[in-house]
Amino acid sequence: MKRLLCTSFGLGLLPKAPGTWGSLLPLVIVLGCGHFGIVHGWLIGILFALVIVSSIVTVQLSPWYAEYFGKKDPPQVVSDEVAGQSIALLAMAWLEPSNHVSSTAWIGLAVFAFALFRLFDIWKPVIIDKSQHLHAGWGVLMDDILAGIFAGILVLIAAILLG
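Residue 65 in the working numbering is what sits at position 56 of the sequence shown, and the numbering runs on without skipping anything.
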């Protein structure tokens, strides 16, 4: 069960770019909610739940996965990416496609949030990089949380410009 949780149900075990695979989970949820017309309040709740649960998994299971995979921040552990990507997507989830932006723009913002999060997560500008030095699971988690915040801010700016 621990392995399933920290690899986000095996997404982190997929070949090549496990962080990208893990980041896709919140994006698919957002696009699915948009497609099926799930009220944005529910979507916000789902994303908040993903942030909370994934953050707890990342921090609490840190000693276990460090020993199991033999690294402090193993690439297979993508619960941190799920948390960070969910934060980036929360920025655009507040918008209702019909009221604030068109459906096409809403989908574009979701994909933009995904791309920006991956960019910040891989590039790791100074403050994001420094956060990795926190103890245990906090260092594993915080770089993704900050990448999600940075991406979310840029997504909100884009939404305002599209608005």
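To be clear, the hints were calculated from the coordinates, so they are not data collected in a lab.
Some hints here could point you the wrong way.
[What the hints assert, rightly or not] DMTMM-like, lysine to aspartate or glutamate: derived pairs with alpha carbons at most 25 Å apart:
#	residue 1	residue 2
1	K25	D138
2	K139	E76
3	K80	D138
4	K139	D82
[What the hints assert, rightly or not] What follows is a list of derived Cβ distance ranges for each label pair:
#	residue 1	residue 2	range
5	F18	G46	35 to 41 Å
6	S112	K139	25 to 31 Å
7	L170	W51	24 to 30 Å
Since the structure is predicted, the reported quantities are computational estimates derived from the model, not experimental observations.
From the three backbone atoms N, C-alpha and C, an ideal C-beta is built for every residue, glycine too.
Tell me the hint numbers this structure goes against, listed in increasing order.
5 and 6
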